[in-house]
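Student: Each chain is listed here by its residues.
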Amino acid sequence: MTEEFAIDVRGMTKRFGKHTAVDHVDLQVRKGEICGFLGPNGSGKTTFIRMLCGLLRADEGSGQCLGHDVIKDSETIKREVGYMTQKFSFWEDLTIEENLDFVARMYSLKNRRETVRQSLDRLGLTARKTQLAGQLSGGWKQRLALAACLIHEPQLLLLDEPTAGVDPKARRDFWKEINELAGQGLTFLIATHYMDEAERCHRLAFIENSKLLTHGTVAEVIAQSHLTTWAADGADLLQLAGQLQGRPGVEQVVPFGNTLHVSGPDQAALEQAIAPFRTPQYNWKQVPSGLEDVFIHLMEKPGETVSR
Amino acid sequence: MTNGRGFSFQRLWAIVVKEFIQMRRDRLTFAMMIGIPLIQLILFSFAINTDPKHLSAAVLLADRGPQGRALLSALKNSSYFQFVRQVQTESEAHDALARGEVQFLINIPESFTRDLLRGDRPTLLVEADATDPGATGGPLGALPSIINAALLNDAKGVLDYLATADGPIDLRVHAKYNPEAITQYTIVPGLLGVVLTMTMVMITSLAITRERESGTMENLLSMPTRPLEVMIGKIVPYILVGYIQMALILAVSHYMFHVPMLGNIFLMMCVTLVFIAASLAVGVTFSTLAQNQRQAMQMTMFFFLPSILLSGFMFPFRGMPEWAQAIGEILPLTHFLRLVRGILLKGNGLEDVIRQLWQIALFGVVVLIIAVLRYRKTLD
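Order-wise, the sequence lines are chains D and E. If you read the first sequence in the numbering used here, its first letter stands for residue 1, the second for the next number, and so on. If you read the second sequence in the numbering used here, its first letter stands for residue 1001, the second for the next number, and so on.
Keep in mind that the hints were calculated from the coordinates and are not lab data. Predicted, not measured: the structure shown is a model, and the values here were computed from it. A few of these clues could be false.
[As the list claims (entries may be wrong)] Label pairs and their calculated CB-CB ranges:
1) E:Phe1009 <-> D:Asn179: 57 to 65 Å
2) D:Leu132 <-> E:Tyr1243: 28 to 36 Å
3) D:Arg15 <-> E:Ile1239: 36 to 44 Å
4) D:Tyr194 <-> E:Tyr1243: 48 to 56 Å
[Stated by the list, open to error] Calculated lysine to any residue pairs in the SDA-like style (CA-CA distance at most 20 Å, straight line):
5) D:Lys211 <-> D:Asp23
6) D:Lys87 <-> D:Gly138
7) D:Lys87 <-> E:Gly1215
8) D:Lys141 <-> E:Arg1212
9) E:Lys1234 <-> D:Arg105
10) D:Lys129 <-> D:Arg113
11) D:Lys87 <-> E:Glu1213
12) D:Lys110 <-> D:Thr76
13) D:Lys141 <-> E:Gly1215
Note that CB positions come from ideal geometry on N, CA and C, so glycine has one too.
Input sequences plus hints: build the corresponding full structure.
Tutor: Following this line, the structure appears as structure tokens:
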């Protein structure tokens, strides 16, 4: 069974002094899957990723990563995993080609020159290979980082907020690349804050306050939240929002342009709450809860673990 | 109502307050603002003495008469000289001078008292280690008047005949190793140590801190490489840089300032390697302590200042009070200066060199242990 999982870890825990940064997190990701890793800032995403790639030693936990023991074989795992840091972390005073060549040397690759050439080609960096990395725009920097992470042909890529500060076009190209690679059997764990990116993932994991809150496909995560959402449009939505806020059964009131989304975990209570406002002035309809609604819902109920 | 276009004291004050808050947060800068003036004040006013006293001297006393001893006590009372040892043979005396154990050698010949009383003007030979002319200049200049006063005090009355125009004795001063007292001979080789200290400590501490500050260290460590490979790999280029600096300084000092090179150049290179290693160890240690490049730079200054002032580079080492000399003895630059001057100007060999070299090596090892302990902590 373990063969089909690229990541299969249990009880991963990391403490920094008194603070527990990651608290008994279990995670399973199948081979070839793109797993979105969601959670507010400081929830422990980066720490968890660092433990997986051997940068930090876990205080507790067990399991395997690419078939290797996640605690004992961290050096072996390092060779088969690509890790892209949150902040651009290649050498800004080296050219694109020099950066890739350095990485290729670090992984002791055979046919180094050929590998670097192919890598430049595949990500469309050949024309810019003599440009200093520090002079690149955000989108190109991210391409370079991806190319560098892929150069040793890893089985698993750990990407820590790879598209922060990248324009929509570059983001779309980036995701296209990721989908192609996943099709070739690569596994991804991608930390992100963007809901549209989360929706592109096969599977999601929510982490909040160092604990894993929920885990599953997009549809599963939404269904598990038992969140009901009604949308209203009409005039004076702001006034309506003010009146709904804080009523029993109403958890979130979020304006989306010309419509207002009202959500709550208890369908009956929510419907009761909006009943007085179902006047002809507003046009009400029930809509599927969005991932963002679920995300906010999970964040506002700290400590409550939704069962899988 | 202010329209916000003119000069606003409110905004000015806001910036002043923000500056003070930031100053208080950055403890190292604050420590430097207070520490550097304090260190300079203490060092310049208490430690540094441009007219050094109590310089170590050895005596080769062959004369058994009273005049020889009178002369010695006069030299001692002058407070310029401190007789640290009495030597028996000339070769023992010269060894002590070559190793820098003593800076002066006073040679009172066998028949000193007899010749003096006869009016034969006996020879008094004073040999000085002039590798640091700043230290020997004062005592040598004062020597004739000390001697005349000592001998002529006794000469009142019956010995009046000694007070001739030439003086009672024939004083011969040999300023060894640097007879013309050329300051370049001292300063230029000394600069080698100063330049190496500055660049080696600063460049390594900056290079490693920069890697951490820009996040590339995290990337590097996520690759299959060991911390030791990273450390050594980052240090090796600077050893080469250190050698290029050494070659440059030695070439310029030899061809432009005609500084003699009596010793073995290969020995010089070995000694320099140990010194470079010790300096790099300091740089690595600073990089494990500093949060950013600016702090690394400040720490370098904290190390550099005492190094330059207390090592004997700028001011005579023996002229400093004991506590300052004790601090100086810890610093690698102090020993390196003695080594460079010893090898270049005195032609010191391996045996003389080891006496100073182990102290630099010990310093390097201790600092490196601190670096390794600190480095482990910063990883996790």
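Student: Against this structure, judge whether each hint is valid.
Tutor: Against the structure, the hints:
no. : hint                               : in the structure
1   : E:Phe1009 <-> D:Asn179: 57 to 65 Å : 59 Å, holds
2   : D:Leu132 <-> E:Tyr1243: 28 to 36 Å : 29 Å, holds
3   : D:Arg15 <-> E:Ile1239: 36 to 44 Å  : 40 Å, holds
4   : D:Tyr194 <-> E:Tyr1243: 48 to 56 Å : 52 Å, holds
5   : D:Lys211 <-> D:Asp23               : 5 Å, holds
6   : D:Lys87 <-> D:Gly138               : 11 Å, holds
7   : D:Lys87 <-> E:Gly1215              : 7 Å, holds
8   : D:Lys141 <-> E:Arg1212             : 19 Å, holds
9   : E:Lys1234 <-> D:Arg105             : 15 Å, holds
10  : D:Lys129 <-> D:Arg113              : 13 Å, holds
11  : D:Lys87 <-> E:Glu1213              : 11 Å, holds
12  : D:Lys110 <-> D:Thr76               : 18 Å, holds
13  : D:Lys141 <-> E:Gly1215             : 14 Å, holds
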